[in-house]
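Listed below, chain by chain, are the residues.
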Amino acid sequence: MGTAVTTLIKDSPPDAPERRPGPPAAVRRRGRRENLAGYLFMSPWIAGFLLLTAGPMAASLYFAFTDYNLFSSPRWIGLDNFTRMFEDPRWQKSVEVTAKYVVVGTPLKLLLALGVALLLAQSRRGQAFYRAAFYAPSLIGASVSVGFVWRALFSDEAVVDRTQSFLGWDVGGWVGNPDWVLYSLVALTVWQFGAPMVIFLAGLKQVPKELYEAAEVDGAGPFRRFWSITLPMLSPVLFFNVLLETIHSFQIFGSAYVVSNATCGPADATLVYTCYLYQKGFKEAQMGFASAMAWMLLLAVALVTAVLFWSQKRWVHYEEAAR
Amino acid sequence: MRENGSVERRTVLRAAGASVAALGLAATAGCGGDGGGAGDGSVELRFAWWGAEERAKRINKSVALFEKKYPRIKVKTDFQDYVAFWEKFQTQAAGGNPPDVFQNAVTFLRKYDKRGVLLDLKSQVDAGNLNLDNFRAGVEKVGQVDGKQLGVPVGSNTMSLVIDEKVFDKAGIKPEQGWTWDEYFAALKKIHDTQKVAGDTGYFGIMYLYDLFLRQNGKAFFTEDGLGFAEADLTEWWTDAYNRVKAGIITDPKKIEQLKPKSALASGDAGSEFTWDNFTVRYATEGDSSYGLAPIPTTDGKETGQYLSSLMLSASARTKHPKEAAQFIDFMVHDPEVGRIMGYDRGILATTEQFDAYRPADASSKAIAQYEEDVAAAGVLGAITPHPAGADTVEAAFLRIAGDMSQGKTKVSDAVKQFFSEAKTALAA
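The listed protein sequences derive, respectively, from chains X and V.
The numbering of the first sequence is the numbering used here, which starts it at 1301 and goes up by one.
The numbering of the second sequence is the numbering used here, which starts it at 581 and goes up by one.
In case anyone wonders, no lab produced these hints; they're calculated from the structure.
Computed from a predicted structure; not experimentally measured.
Take these hints with a grain of salt, some might be off.
Pair ranges (Cβ atoms, derived) [to be verified]:
#1 X/Trp1615 / V/Tyr662: 49 to 55 Å
#2 V/Ala957 / X/Arg1384: 49 to 55 Å
#3 X/Trp1345 / V/Lys694: 40 to 46 Å
#4 V/Lys746 / X/Leu1543: 39 to 45 Å
#5 X/Ala1452 / V/Lys946: 45 to 51 Å
#6 V/Ser870 / X/Gly1415: 53 to 59 Å
#7 X/Ala1452 / V/Lys746: 25 to 31 Å
#8 X/Gln1422 / V/Thr865: 26 to 32 Å
#9 V/Phe859 / X/Ser1465: 44 to 50 Å
#10 X/Ala1433 / V/Arg898: 53 to 59 Å
#11 V/Tyr662 / X/Asp1470: 33 to 39 Å
#12 X/Asp1479 / V/Lys946: 43 to 49 Å
#13 V/Lys694 / X/Met1357: 28 to 34 Å
#14 V/Glu745 / X/Ser1465: 31 to 37 Å
To spell it out: a stretch of chain V is covered by chain X in this simulated footprint if at least three of its residues, at any positions, have a beta carbon under 8 Å from a beta carbon of chain X; those stretches are [what the hints assert, rightly or not]:
#15 667-673
#16 838-844
#17 974-983
#18 987-1001
C-beta atoms are modelled at their ideal positions from N, C-alpha and C, and glycine is treated no differently.
If we strip away everything but chain V, and leave its shape as in the complex, we get:
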């Protein structure tokens, strides 16, 4: 009995030791998984972006094309929606394991540059792996910060006013380049009075729109390291907004809240909405009216404050394959076939090769191209406003606090104070 027992125990001990060793090995293997280079000289890149199913399909097609041309490079893709993407990215980047190549936007350039996450692509341009020629209207500058090339634009976009054409027609309103804010709000009131629908979905919480208004008045939302406006400016902006919500010419914020993620313009609960021009494709999909693009209202009858912005591709400073990452970015922004596949999903194609290769067939794509042409022809495009590190948090706080204010849950004066206090913390971080 005793003899027997001790044998069993030894066996068991050995088994336990083996399992501990196996665990340890598994852990080691887990850590070693990110190298991505097998012995045959092939290289694996991780590429992540935000967007929806439709964009994923197009990107996967483009990636397949790239892999055919560069059989040595494999690209592993991953996507989420915008908010989830940046939460995941932040965690990955903090852990020293961001994707090699990823979609980026101007709001995040300084933030992640300051934290050493972004690769300065200048060196890859110099090495001949990435070509920065042939970008339309100098849009490659959107990716430049402090003399570094931190992102390469894939498509240009600009803020616009999307309108429900049927509602505007019935109310007898024809928006024209250079119309003023007074005319715009008078139009909203007319829509409310004659069409029994709110005029706008909530312009007052959109950081990019307030930026345009400030730019029309010689200011801007951000400076290089802080806010470019005073508490008094915002108090005026939000007080007017609150009164307009109360008067019913802006959609009831309660309604907006419940419709999310659908837009109140698409659901027929508003006549217009400010957003990026390349987002307009969604309204035709979500709603059943016809939607068009209208000019941004002005302060002086001329300046809209608009500029060309862009989604970009950036590379990680930590990537083990900077050359391949640069080659991939180069292919994605210059290859004509990729341009034909992507269309205007991420804005008007940024390079002439892709722009010339793609001829939009659908009405909304044509309208977007026409809109950017019109805006450029009107001579109102300026240089982009800088976004300091922490701008993304400030933008989110602006939207949230504007929402609280419009619901009447926070007095305008308190909301303004809270926004300035939160912005200060975010910009200092």
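Looking at chain X on its own, in the form it has when it is part of the complex:
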């Protein structure tokens, strides 16, 4: 494989090929044969990508501009699905719910991840145990069974309701309350802070000790050290985590579906974008509209990603710049 790649590069030099004589014919033949072998090795993945990813994506792009109910053949309607989307109050609601989930959930999760990572970065006894314990929810959090557990925890007279009532703030179970239920989903994602935490931990280990020592000599307190050393040095990792978690949050589906008992309710309070997409596509058989929604989501995520990349100039310090 390695040889195949190098040969590939050798075969097609990027700068003006006519000035240099090509490799001898025998070598070229051998190169081609090795390329072929390379592609054959990759063929299961290439086939998988074309049949299971690229093909369906191309089809969905076409459906996005059609009226397609799964039974009759798709009818081209241009941009109608997109204009209908903006007039649809439930679509607006789904955008609102998803935006709220992303904007509230992601920062909370990252703050908690960073906080715990800072605590765990200091070496003390039982460190490995704590890391594993905090990481565990990330492994099981996305499962359907945890969704059911969550539904049980946040129902009337369950643990959360009782604790809250005991503290004198009685709102009943969150699951049935349209004003609160989304926060139970936020709690579920924040609880899975272990994955970004591990990445933060790795980032913290990379910060050179001598920077802290020098700062301490200069009389910088813990807060100053965090603000002027840890945060800038950690900013590439922070950027990575923000990007990953934001994109991930936009795609929330399982927890909303399970906690709401497959209704994405009550009163559409957990109608996240993908849940509405699912209802349109598979319950109401409006596959054209659902496809258009999927591409809209892709556009939105791409836009948010682009904004994040653009903003990194202002706050992300790569090591060359820091020194």
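Once you've looked at the hints, dock chain V against the given chain X.
Coordinates of chain V only, in the frame set by chain X:
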């Protein structure tokens, strides 16, 4: 080294080629799997239904009986709950691969007929593979649409009011045939005031109940191709409902939401609930009070708007074995032993052979049979209202938007507008 390398490469290439070929073969084999007919003339039918474990046990027993009588036909079964069943069915049908025989309901007849999914069983009746005689009270008509026989009823049911008898007794209320909505809501208030429990679990989101109310007033929920009522009708229905929720005589919708899939009547959070009479078995299982069936309230003191509906068995228009599918349906609806096994799980047994064969022993089954007898004796049964294509989506939207409205999340006027707009889209699709 070089020699060695090229040999290896050839071997590897051959191996790669073989694996690609194997993949291709596997894909072909996967496509060929639906024929279901081996060389010895045996035939395999796929049969799918919605329901729970209890129904599955009974159906599997019945299927075993069928396979014994028709050793040439094998029946492969599959079931989900109602919502999951129709999601899966829609995908299968769209892919041209629906089950050969499946459970069906009146809401879906036009939808799937329009899409060419349902087999018109008339031809099989004419061919003598399926017998449409001996159906009780003409219930076989439930499966007829535009002169086609798209489904064969397995059991009849009708909308009813299920009450917590202990609560009603303590409140001193005795529902009688022909009681009015005013009397019904006064009763709910009395239950709320004296028994400190809500009277009803949320009548206002049930499409089939609103249909009865409309029928009492000379309208209906659906016409052949649209809605049979106006925005003003629904505004009144939902405004009253919202006020009743606020007054506490209807269970708090937040509570309902959290109890799902359990019923608030069974959990002791309401005194009554409107539902199909054959569903009542569940309350005795879920709850610990005693539950009974009461008459549907009326507008004029007489008409309840009720009709006999039914779960059905339908066959796929794509089935390769229409004759065997018809024989299977025939067996399932006529065989007396199957009647004894199934009981009233899917409604009062539809054919006289099965009805006469089964003598209910448990109290709730007896009560269901008695209820349908009483309703028939009261002379209030009418003909079923048509369900246009898209009715299933409209029903789901009705329930959902009623829920939003009752939670106070949507103003009644907005909820009504939204329902009419969604219904229009669904019925046009």
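Evaluation of the provided hints:
1. X/Trp1615 / V/Tyr662: 49 to 55 Å: holds, 52 Å
2. V/Ala957 / X/Arg1384: 49 to 55 Å: At roughly 51 Å between Cβ atoms, X/Arg1384 and V/Ala957 fall inside 49 to 55 Å, so the hint holds.
3. X/Trp1345 / V/Lys694: 40 to 46 Å: holds, 42 Å
4. V/Lys746 / X/Leu1543: 39 to 45 Å: Violated: the Cβ-Cβ distance is about 60 Å, outside 39 to 45 Å.
5. X/Ala1452 / V/Lys946: 45 to 51 Å: Given range 45 to 51 Å: violated, Cβ gap about 36 Å.
6. V/Ser870 / X/Gly1415: 53 to 59 Å: Between V/Ser870 and X/Gly1415, where Cβ atoms are some 56 Å apart, the hint holds.
7. X/Ala1452 / V/Lys746: 25 to 31 Å: Holds, since X/Ala1452 and V/Lys746 (Cβ atoms, about 29 Å apart) stay within the stated range.
8. X/Gln1422 / V/Thr865: 26 to 32 Å: Given range 26 to 32 Å: violated, Cβ gap about 56 Å.
9. V/Phe859 / X/Ser1465: 44 to 50 Å: Hint violated: Cβ distance 34 Å, outside 44 to 50 Å.
10. X/Ala1433 / V/Arg898: 53 to 59 Å: holds, 54 Å
11. V/Tyr662 / X/Asp1470: 33 to 39 Å: About 35 Å separates the Cβ atoms of V/Tyr662 and X/Asp1470, which means 33 to 39 Å holds.
12. X/Asp1479 / V/Lys946: 43 to 49 Å: holds, 46 Å
13. V/Lys694 / X/Met1357: 28 to 34 Å: Because 30 Å falls inside the window, the suggested range holds.
14. V/Glu745 / X/Ser1465: 31 to 37 Å: holds, 33 Å
15. 667-673: With 4 residues close enough to chain X, the hint holds.
16. 838-844: holds (count 3)
17. 974-983: holds (count 3)
18. 987-1001: holds (count 4)
Hint compliance for this structure: hints 4, 5, 8, 9 are not met, and every other hint is.
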